[in-house]
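Chemist: Listed below, chain by chain, are the residues.
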Amino acid sequence: MQQIDQFKVTYFQECDELLGKLEGHLSEIARLTGTAEDLNAAFRAIHSIKGGAAMFGFKRLVQFAHIFESALDALRSGRIEVNSGLIEKALQATDILADLAASARTGEFLPEEFEGDARENLEQAFLGVAAGNKAQTHDKLDIANPGYQDQLGPATFHIRFEPPSDMLRRAIDPLVLVRNLAALGKLETKVDASKLPSFAEVDPAVSYLSWSFELVTSAPLQSVRDVFEFVSDSCKLEISVQEAAAIDAAAVEAAFNEIPAAKLPAASRPPKERIISSIRVDLDRVERLVDLVGEITIAQAMVLQHLDQSMIDSNSELFRALSQLLQHSRNLQDGVMSIRAQPIGSIFSRMPRVAREVAQQTGRAVDIVLSGEETEIDKTIIEQLSDPLVHIVRNSIDHGIESAEERRAAGKNEVGTVKLSAAQRGGRIVVEVSDDGRGINRHAVRQRAIQRNLISSDVELTDEEVNNLIFSPGLSTAQSVTGISGRGVGMDVVYKNIQKLGGRVTVLSQPGAGTTTTITLPLTLAVLEGMLVRAGCEQYLIPLNNIVECLVIPPSDLKPVAGASDMINVRGQQIPVFDLAQHLGLAKAKAKSNGRVQVVLTELEGGGVCGVIVDEICGHNQVVIKSIRQNFRDLPGIAGATILGDGNVALILDVTQMARIASTQRTKQVHSQRATAQPEIQAA
Amino acid sequence: MTYALDRVSHGREAVERREERIQFVTFVLNAQQYCIDIMSVREIRMLQGITSLPGAPDYVRGVINLRGTIVPVCDPKLRFGIGETSIAPGSAVVVVSVEGRLNGLLVDEVLDIVSVTRSEIAPVPDADNSRRNPFFQGLITLNDDLLIVIDLGRLIAEAESELPLDA
Numbered sequence: 009m010q011q012i013d014q015f016k017v018t019y020f021q022e023c024d025e026l027l028g029k030l031e032g033h034l035s036e037i038a039r040l041t042g043t044a045e046d047l048n049a050a051f052r053a054i055h056s057i058k059g060g061a062a063m064f065g066f067k068r069l070v071q072f073a074h075i076f077e078s079a080l081d082a083l084r085s086g087r088i089e090v091n092s093g094l095i096e097k098a099l100q101a102t103d104i105l106a107d108l109a110a111s112a113r114t115g116e117f118l119p120e121e122f123e124g125d126a127r128e129n130l131e132q133a134f135l136g137v138a139a140g141n142k143a144q145t146h147d148k149l150d151i152a153n154p155g156y157q158d159q160l161g162p163a164t165f166h167i168r169f170e171p172p173s174d175m176l177r178r179a180i181d182p183l184v185l186v187r188n189l190a191a192l193g194k195l196e197t198k199v200d201a202s203k204l205p206s207f208a209e210v211d212p213a214v215s216y217l218s219w220s221f222e223l224v225t226s227a228p229l230q231s232v233r234d235v236f237e238f239v240s241d242s243c244k245l246e247i248s249v250q251e252a253a254a255i256d257a258a259a260v261e262a263a264f265n266e267i268p269a270a271k272l273p274a275a276s277r278p279p280k281e282r283i284i285s286s287i288r289v290d291l292d293r294v295e296r297l298v299d300l301v302g303e304i305t306i307a308q309a310m311v312l313q314h315l316d317q318s319m320i321d322s323n324s325e326l327f328r329a330l331s332q333l334l335q336h337s338r339n340l341q342d343g344v345m346s347i348r349a350q351p352i353g354s355i356f357s358r359m360p361r362v363a364r365e366v367a368q369q370t371g372r373a374v375d376i377v378l379s380g381e382e383t384e385i386d387k388t389i390i391e392q393l394s395d396p397l398v399h400i401v402r403n404s405i406d407h408g409i410e411s412a413e414e415r416r417a418a419g420k421n422e423v424g425t426v427k428l429s430a431a432q433r434g435g436r437i438v439v440e441v442s443d444d445g446r447g448i449n450r451h452a453v454r455q456r457a458i459q460r461n462l463i464s465s466d467v468e469l470t471d472e473e474v475n476n477l478i479f480s481p482g483l484s485t486a487q488s489v490t491g492i493s494g495r496g497v498g499m500d501v502v503y504k505n506i507q508k509l510g511g512r513v514t515v516l517s518q519p520g521a522g523t524t525t526t527i528t529l530p531l532t533l534a535v536l537e538g539m540l541v542r543a544g545c546e547q548y549l550i551p552l553n554n555i556v557e558c559l560v561i562p563p564s565d566l567k568p569v570a571g572a573s574d575m576i577n578v579r580g581q582q583i584p585v586f587d588l589a590q591h592l593g594l595a596k597a598k599a600k601s602n603g604r605v606q607v608v609l610t611e612l613e614g615g616g617v618c619g620v621i622v623d624e625i626c627g628h629n630q631v632v633i634k635s636i637r638q639n640f641r642d643l644p645g646i647a648g649a650t651i652l653g654d655g656n657v658a659l660i661l662d663v664t665q666m667a668r669i670a671s672t673q674r675t676k677q678v679h680s681q682r683a684t685a686q687p688e689i690q691a692a
Numbered sequence: 696m697t698y699a700l701d702r703v704s705h706g707r708e709a710v711e712r713r714e715e716r717i718q719f720v721t722f723v724l725n726a727q728q729y730c731i732d733i734m735s736v737r738e739i740r741m742l743q744g745i746t747s748l749p750g751a752p753d754y755v756r757g758v759i760n761l762r763g764t765i766v767p768v769c770d771p772k773l774r775f776g777i778g779e780t781s782i783a784p785g786s787a788v789v790v791v792s793v794e795g796r797l798n799g800l801l802v803d804e805v806l807d808i809v810s811v812t813r814s815e816i817a818p819v820p821d822a823d824n825s826r827r828n829p830f831f832q833g834l835i836t837l838n839d840d841l842l843i844v845i846d847l848g849r850l851i852a853e854a855e856s857e858l859p860l861d862a
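Read top to bottom, the protein sequences are chains A and B.
My numbering runs 8 ahead of the 1-based position in the first sequence.
My numbering runs 695 ahead of the 1-based position in the second sequence.
The set of hints was computed from the structure by calculation and includes no laboratory data.
Among the hints, erroneous ones may be present.
[Stated by the list, open to error] Residues of chain A placed beyond 10 Å of chain B at every Cβ, according to the derived structure:
1) Leu-195
2) Val-569
3) Lys-634
[What the hints assert, rightly or not] Reference excerpt, derived from the structure (chain A facing chain B, CB under 8 Å, subset only):
4) Glu-303
5) Ser-635
6) Ile-636
7) Asn-656
8) Ala-658
[To be verified] Simulated restraints, written as ranges between beta carbons of each label pair:
9) Leu-462/A - Gly-776/B: 37 to 45 Å
10) Asp-342/A - Gly-763/B: 17 to 25 Å
11) Met-734/B - Asp-654/A: 51 to 59 Å
12) Arg-737/B - Gly-124/A: 57 to 65 Å
13) Thr-836/B - Asp-316/A: 54 to 62 Å
Backbone N, C-alpha and C fix where the C-beta goes; we use that ideal spot for every residue, glycine too.
Just chain A, with the same shape it has in the complex (with noise of 0.2 Å):
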């Protein structure tokens, strides 16, 4: 009972990937950029959730999935002509289909007719249009496609079976395929063993075997084809029907061999899928493994820290395997960084149908382009990934591209594009959706912060930073609110959520040219490359992808701003700078020994840059990222810590929030100090 429990479970994690992959396949039909290969695809997905739901008796499961397919394969076979209608509908059964599951999984109860009207749709809109034109063009198919007419009295089906030698080796099992025609009547089976050899010649791996069936059944053809699907193209089958009418069995082999689909562009692919032997393995187990080889980068770290410099200098045997010792565990680190990793293809797939529903509320033309769909990153990011994805994507709808007319009017293409990219840049993935449209109105965002009091009216603002106004909670510029945006949450969530990432957004806009979001991600949240500093007595890591340069300065080079941090000015630009020590409240260590000021130029998230000035640069680390929330709660200014080669935790500070506390207080300070001075402007 439990192993069948197990089974389940394992059943609907594939359904869940297969839905994922149906609707990925019908969206790229959609967009015409679909191949008959997409057609196969999404064909077969259907095929597996049926035949997983039959074998644990989901019966509404397995009659709506088996109309699905049958309409799909009337699009398969060039029957009908595919157009974005039939998609449309194609998609709406997907989402029945997975409610259906999803009740199958919980045993929650769906009322009796839910399936219906899709059910309606897909039969007038696939078969009966099949219906129609089946008699003029493919008068041979009558008998090959029954499948939607399933009241068909009992037929005796001969088939023969001749798989090739290399079966076995392909992990087909002819059993399995007995087994599931078995199931379709009564069967009978006779196998030929002609081309088996002696005994001492035979090779366990190749199949000598070929079949012939004879299976009385009420199933239509197609259901008996469907056995073959997967070993079809490979084998050599042989399909005949006596019943009422004899039909060619030639005729139906060549029906059944047909190239499916004419109507779409030629697979641009290669049309067998590449063969990709995975297993299913429980994330704890990953994780406990990830967490095992951070153990040992930090033990590795500890025995050297232990070992005598000039004792493994004189030791070129030691040398040589501790250097072996890194580069193993170093490659070991990447492997198992490698298992989480996932194509972020799996939440970019989603998106063209959040594109196409919110394009159809809004009455707008919009086109997607994904790209960059194969990088891959964390699999815990990508979890956390998709939600502010899919809302950047129905913000560029809904406030970037514009209305037909008004597209018109400015002189664009009247359907308007979102482009959708990643890309592996340095040590971050950079993931980017940019719009055609309008751009961010930046008179109306302006005009909206003031309203809400984020801004006072008489502060100067780059345009970078009325762009990033749109983080802010509480800011929605669209004239009125509709169900898609303009309630004014969502971007500040978004970029809360990208922040606990230890990612960046950022927003580019132009006015009448539209608007790019970039979204900046680090590849892993469990390993981190830093600097280690040193302020007071105690050691910070600072992660070296904010990192810009390192200077010495000598201190009559800070110089102080009236109610500001010091700036220091590098190469011609000027850049507030704060001491580490000071902020974090730690006793100053003594005088530095050279009376020369040590400082670390960061990069801040949403841009700028800032400088921290520290004790002592201490290196350059690897380390492993530990959750300080685990056991107590974040702290302003503290992304993590970590433990180090001696075993002492050192903390990883988030340079960008530290900056912006600093900024605040100083801001705060600058507008009570504006406040008392001129009352009639902040009235104003």
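Please arrange chain B on chain A, whose structure you already have, making use of the hints.
Modeler: Relative to the frame of chain A, chain B by itself:
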């Protein structure tokens, strides 16, 4: 888990409950003995390195590395308002688990494990409410020694929410 005395219930069950034995780990803070339920104690270790946490309340003295996990260390003396524990290598840290979270407690010295019945735990006198220490859960008198039972939940929970204490 509550040690409040069940004053109203009677009958055999109540008597049995009162006779149930509980073990406590006892330790010293400023010459006074305190104790905590042994079930929440994970381990006792010597302090090695501690890293201060900027922005945390002052009684959180820092974090330590407990075999790869970051564990905050509290100073109960600062919490109770009875001074400050001096930190030196070798200081004793009692690691406790409260609601799945690990915390270290800095103490002067870990003494013993004692076993008492529930009926031996007396309530903290609340004659003078304003001075009653909110972290004390009960009192145990054992061989002329007075042991104060600490309410770990409060000690830790307030550490998280950083609620200001009413003096």
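Chemist: Go through the numbered hints given earlier and state which of them the structure violates, listing their numbers in rising order.
Modeler: 3 and 11
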